[in-house]
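Q: Chains C and S, in that order, are what the protein sequence lines are.
In this text, residue positions in the first sequence follow the numbering used here: the first is 439, and each later residue adds one.
In this text, residue positions in the second sequence follow the numbering used here: the first is 439, and each later residue adds one.
One thing to keep in mind: the hints can contain errors.
What the hints assert, rightly or not - When the alpha-carbon atoms are kept at most 27 Å apart in a straight line, the in silico DSS-like pairs for lysine-lysine are as follows:
#1 C/Lys509 - S/Lys547
#2 S/Lys509 - C/Lys547
#3 S/Lys448 - C/Lys547
#4 C/Lys448 - C/Lys547
#5 S/Lys448 - C/Lys448
#6 S/Lys448 - S/Lys509
#7 C/Lys448 - S/Lys547
Unchecked claim - Far from chain S, by Cβ distances over 10 Å, these chain C residues were calculated:
#8 Arg475
#9 Glu476
#10 Gly501
#11 Gly530
FYI, nobody ran anything at the bench for these hints, they're computed from the structure.
Everything numeric in this text was worked out from a predicted model, so none of it was measured.
Yeah, the Cβ is synthetic: ideal placement off N, Cα and C, and Gly gets one too.
Protein chains: 2
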Amino acid sequence: MSDDWLDSIKWNADGLVAAIAQEAGSGQVLMLAWMNRESLARTVELGEAVYWSRSRGRLWHKGETSGHVQKVLDLRLDCDGDALLLTVEQQGGIACHTGRHRCFYRQLKDRRWEAVEPVLRDPESIYG
Amino acid sequence: MSDDWLDSIKWNADGLVAAIAQEAGSGQVLMLAWMNRESLARTVELGEAVYWSRSRGRLWHKGETSGHVQKVLDLRLDCDGDALLLTVEQQGGIACHTGRHRCFYRQLKDRRWEAVEPVLRDPESIYG
Numbered sequence: 439m440s441d442d443w444l445d446s447i448k449w450n451a452d453g454l455v456a457a458i459a460q461e462a463g464s465g466q467v468l469m470l471a472w473m474n475r476e477s478l479a480r481t482v483e484l485g486e487a488v489y490w491s492r493s494r495g496r497l498w499h500k501g502e503t504s505g506h507v508q509k510v511l512d513l514r515l516d517c518d519g520d521a522l523l524l525t526v527e528q529q530g531g532i533a534c535h536t537g538r539h540r541c542f543y544r545q546l547k548d549r550r551w552e553a554v555e556p557v558l559r560d561p562e563s564i565y566g
Numbered sequence: 439m440s441d442d443w444l445d446s447i448k449w450n451a452d453g454l455v456a457a458i459a460q461e462a463g464s465g466q467v468l469m470l471a472w473m474n475r476e477s478l479a480r481t482v483e484l485g486e487a488v489y490w491s492r493s494r495g496r497l498w499h500k501g502e503t504s505g506h507v508q509k510v511l512d513l514r515l516d517c518d519g520d521a522l523l524l525t526v527e528q529q530g531g532i533a534c535h536t537g538r539h540r541c542f543y544r545q546l547k548d549r550r551w552e553a554v555e556p557v558l559r560d561p562e563s564i565y566g
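Produce the entire structure from the sequences given, and follow the hints as far as they go.
A: Here's what the structure looks like:
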């Protein structure tokens, strides 16, 4: 199988591309993460989001510990070729490591960031 | 006015943060761009998206040439502090410089990127 589709991507200096995960149904943007060539290829093979963890320096099959896997229904590339948009089904309804539904839980109000989404599950109970 | 809200952001090595623009109403993710400290402050002052153009190396008030301004209704920050989510009203209904509604117009089908959204307006007629 040709790898042209991977060559179309404008990988950054670290070999990464930004990947936005949007929830099917609700349309909510859950998180922004990063993928390298291998993680994107794995994502497509598996049908589940596999990111590149910049902090851990390794492939990160989202949900590998928590069970909060993201099933990928659709994959888009932007005009510049440097951003991906994944439409996902979020297993367990929790995308954020803080135990919230999504990572974008801080809202700007009067030039202050206010947490506006509840913690649905104690992170301790997710990650042990 | 305190700048604490700007200090909460984890700017990258280039002093930038990723900014996702999502359309109010449709919920469609329109584009991913970048902001520096000044562009984010301007965005909040103005109530319209002002990005940092990496290619042009200057502030980019989205729509300054095309009239396709993005009115910002809501601004969110993620758990890591390195990604922003803007809820916007897209003036003119065109976010992409290719004349399409949004930048994420290429869909992966059988390991090929296929353009699945129509050009609504000739870029020549937008940018002259």
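Q: For each hint, tell me whether it holds in the structure or not.
A: Here is what the structure says about each hint:
1. C/Lys509 - S/Lys547: This hinted pair holds, its Cα atoms lying about 16 Å apart.
2. S/Lys509 - C/Lys547: With a Cα-Cα distance of about 16 Å, the restraint between S/Lys509 and C/Lys547 holds, given a limit of 27 Å.
3. S/Lys448 - C/Lys547: 19 Å, holds
4. C/Lys448 - C/Lys547: Not OK: C/Lys448 and C/Lys547 at ~35 Å, beyond 27 Å, violated.
5. S/Lys448 - C/Lys448: It holds: about 23 Å lies between the C-alpha atoms, which stays within 27 Å.
6. S/Lys448 - S/Lys509: 24 Å, holds
7. C/Lys448 - S/Lys547: 19 Å, holds
8. Arg475: About 13 Å separates C/Arg475 from the closest Cβ of chain S, which puts it past 10 Å; holds.
9. Glu476: 15 Å, holds
10. Gly501: 16 Å, holds
11. Gly530: It holds; C/Gly530 is separated from chain S by about 16 Å at its closest Cβ, greater than 10 Å.
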